[in-house]
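Peer 1: Taking the hints into account, I'd like the entire structure generated from these sequences.
Number of protein chains: 2
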Amino acid sequence: MKIVHAFDDVRSVSDGRVGLVPTMGFLHEGHLSLIEAAKSQNETVVVSVFVNPLQFNEDSDLDEYPRDLDRDALLCETAGADVVFAPDVSHMYPSKQRATVTVGCVAEGMEGAHRPGHFAGVATVVAKLLAGVRPDNAYFGRKDAQQLAVVTTMARDLAFPTRISGLTTVRESDGLALASRNVRLDPDLRGSALKLSEALFDAADAFEAGHRAAESLVHIAMDRLVVGRDLQVDYVEVARAEDAGPIATIDTESFLALAARVGGVRLIDNVHLDPDTGIADRGNRLSGPSILYGGS
Amino acid sequence: MKIVHAFDDVRSVSDGRVGLVPTMGFLHEGHLSLIEAAKSQNETVVVSVFVNPLQFNEDSDLDEYPRDLDRDALLCETAGADVVFAPDVSHMYPSKQRATVTVGCVAEGMEGAHRPGHFAGVATVVAKLLAGVRPDNAYFGRKDAQQLAVVTTMARDLAFPTRISGLTTVRESDGLALASRNVRLDPDLRGSALKLSEALFDAADAFEAGHRAAESLVHIAMDRLVVGRDLQVDYVEVARAEDAGPIATIDTESFLALAARVGGVRLIDNVHLDPDTGIADRGNRLSGPSILYGGS
Numbered sequence: 001m002k003i004v005h006a007f008d009d010v011r012s013v014s015d016g017r018v019g020l021v022p023t024m025g026f027l028h029e030g031h032l033s034l035i036e037a038a039k040s041q042n043e044t045v046v047v048s049v050f051v052n053p054l055q056f057n058e059d060s061d062l063d064e065y066p067r068d069l070d071r072d073a074l075l076c077e078t079a080g081a082d083v084v085f086a087p088d089v090s091h092m093y094p095s096k097q098r099a100t101v102t103v104g105c106v107a108e109g110m111e112g113a114h115r116p117g118h119f120a121g122v123a124t125v126v127a128k129l130l131a132g133v134r135p136d137n138a139y140f141g142r143k144d145a146q147q148l149a150v151v152t153t154m155a156r157d158l159a160f161p162t163r164i165s166g167l168t169t170v171r172e173s174d175g176l177a178l179a180s181r182n183v184r185l186d187p188d189l190r191g192s193a194l195k196l197s198e199a200l201f202d203a204a205d206a207f208e209a210g211h212r213a214a215e216s217l218v219h220i221a222m223d224r225l226v227v228g229r230d231l232q233v234d235y236v237e238v239a240r241a242e243d244a245g246p247i248a249t250i251d252t253e254s255f256l257a258l259a260a261r262v263g264g265v266r267l268i269d270n271v272h273l274d275p276d277t278g279i280a281d282r283g284n285r286l287s288g289p290s291i292l293y294g295g296s
Numbered sequence: 001m002k003i004v005h006a007f008d009d010v011r012s013v014s015d016g017r018v019g020l021v022p023t024m025g026f027l028h029e030g031h032l033s034l035i036e037a038a039k040s041q042n043e044t045v046v047v048s049v050f051v052n053p054l055q056f057n058e059d060s061d062l063d064e065y066p067r068d069l070d071r072d073a074l075l076c077e078t079a080g081a082d083v084v085f086a087p088d089v090s091h092m093y094p095s096k097q098r099a100t101v102t103v104g105c106v107a108e109g110m111e112g113a114h115r116p117g118h119f120a121g122v123a124t125v126v127a128k129l130l131a132g133v134r135p136d137n138a139y140f141g142r143k144d145a146q147q148l149a150v151v152t153t154m155a156r157d158l159a160f161p162t163r164i165s166g167l168t169t170v171r172e173s174d175g176l177a178l179a180s181r182n183v184r185l186d187p188d189l190r191g192s193a194l195k196l197s198e199a200l201f202d203a204a205d206a207f208e209a210g211h212r213a214a215e216s217l218v219h220i221a222m223d224r225l226v227v228g229r230d231l232q233v234d235y236v237e238v239a240r241a242e243d244a245g246p247i248a249t250i251d252t253e254s255f256l257a258l259a260a261r262v263g264g265v266r267l268i269d270n271v272h273l274d275p276d277t278g279i280a281d282r283g284n285r286l287s288g289p290s291i292l293y294g295g296s
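The listed protein sequences correspond, in order, to chains A and B. Read left to right, the first sequence gives residues 1 to 296 (this note's numbering). Read left to right, the second sequence gives residues 1 to 296 (this note's numbering).
It is worth saying that the hints were derived from the structure and are not from the lab. Quick reminder that beta carbons are idealized off the backbone N, C-alpha and C, glycines included. Each hint should be verified, as a subset may be incorrect.
Okay, derived cross-link-like pairs now, SDA-like style, lysine to any residue, Cα gap no bigger than 25 Å in a straight line [unchecked claim]:
#1 A:Lys96 x B:Lys2
#2 A:Lys96 x B:Lys96
#3 B:Lys96 x A:Met92
#4 B:Lys96 x A:His118
#5 B:Lys2 x B:Ser60
Stretch-level coverage of chain B by chain A, calculated; a stretch enters the list once three of its residues show a Cβ under 8 Å from a Cβ in chain A [to be verified]:
#6 4 to 14
#7 68 to 81
#8 127 to 140
#9 182 to 188
#10 282 to 294
Under 10 Å between C-beta atoms, here's a sample of chain B residues computed to sit facing chain A [stated by the list, open to error]:
#11 Glu36
#12 Tyr93
#13 Pro94
#14 Ala123
#15 Thr124
Peer 2: Structure (structure tokens):
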């Protein structure tokens, strides 16, 4: 496996079909599932590791975002990646970044409403990765469901010949969706954090029992979220999977998403709802502790 | 030479280094000079022919824009192009276009100020061409100097590995900069239109005589522009070549640009000013009538 720091080097060490897994590093089993999917469909698997300043709203969140490239490289190699692309900020943004990619209404609700500029930062950096790496396939987690809609819209509308895949959420054994930020949850906060997935599972049960009214599913989830000192809910909403637009009656693939601050840590989660099959995708659970906590 | 209508087909018929010449069709000798440059530097030369609705401000201008694909294909073949890419509007914009590329201050002055949204349309469609065609090189005319700055900024900031080249303006034998819209100038208007290049040449002479104050060059050009019934000046300005930003004393590559409506036809023109060599690039003149008027 090669570790490179420049776009030119990524392209020169890639051949055959190229699968890209964009990450901000500090990898967990969710990322590893993307790398494994990429491995099965491409000759070259590139994992990008870049904490993108453009998509952070708060300097403190950017500063506190966990980073460990040695750890990430080892995990990538074990998972079968061929290339780790770890550019410096000065390589990704060599001069004042003037070009910005926006995706209109797809970025307006939910995360977009609570994190102004966040999705312009995401769309712009992913456009750069698609332009500079030229992958055939790129893999994202469904945990960031609106981000997946933003990236899919961006890639389609800018005519990138890259197929975008969204893969199911990976959860810790207690149900908490894997996120690099989970390492910042102390044990006291973890009980509150679990309310998020429990709320979504309640709504998923109702969906599978036949509920199709978005408002009803939102209420079911809200009932589980005790808004207290440690849990501050930003939103609970149902949106179409394709464009993250609002939907009243679930008649196309959708997701029920929520975001909350648990202590000082902002967490998001969702369940994917498919009315054709009647199944709610609750994600996959690990059987033991995540590698986030020092396991392997 | 092949004529194709889909991005997938462009990539599948391209090999070796690929040079792209983006055009809106109704080709003239300016375009042919870009095709010839591309021919000398690439194995595959792709000419795109697409009148991009996104970059037009006025429906009447879009409707009246001249189109003749048979004529363009013949000229491309004669000039040595390998592929003509002529997508339908429904291929370029298969669904509501939500992704937009903007380039900040590079697009704010001059044309950007007079044509709101124009450069977002240009930056977006050229991003699509770079993403979908994946060229090694792309060629643009210096006649659209601010557009060249917009495209160069977009390609650099989005990490496209495409080298952007700007080639000198080609002029009719009387000095009028070649533009597909010239076919809409009746003989009465042509005399007024000639004032534009004459004004720029006066300023170019002054630059080569040592003038470096932008304001002074603007005044020299303005003196030649008789603002009358047939000639309505939008602006005369000096800007840096790199980012189209304002400049007071010309100490880096710049251009003196102007725009005016001549009768119902809006024309733009500029001279490129290089303080290192002391030379003003006035472009190249044809020795006879342009192919725009039925020559060959």
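Peer 1: Against each hint, give a clear statement of whether it holds in the structure.
Peer 2: Verification of the supplied hints:
no. : hint               : result
1   : A:Lys96 x B:Lys2   : 40 Å, violated
2   : A:Lys96 x B:Lys96  : 30 Å, violated
3   : B:Lys96 x A:Met92  : 30 Å, violated
4   : B:Lys96 x A:His118 : 22 Å, holds
5   : B:Lys2 x B:Ser60   : 32 Å, violated
6   : 4 to 14            : holds (count 3)
7   : 68 to 81           : violated (count 0)
8   : 127 to 140         : holds (count 7)
9   : 182 to 188         : violated (count 0)
10  : 282 to 294         : violated (count 0)
11  : Glu36              : 27 Å, violated
12  : Tyr93              : 8 Å, holds
13  : Pro94              : 8 Å, holds
14  : Ala123             : 7 Å, holds
15  : Thr124             : 8 Å, holds
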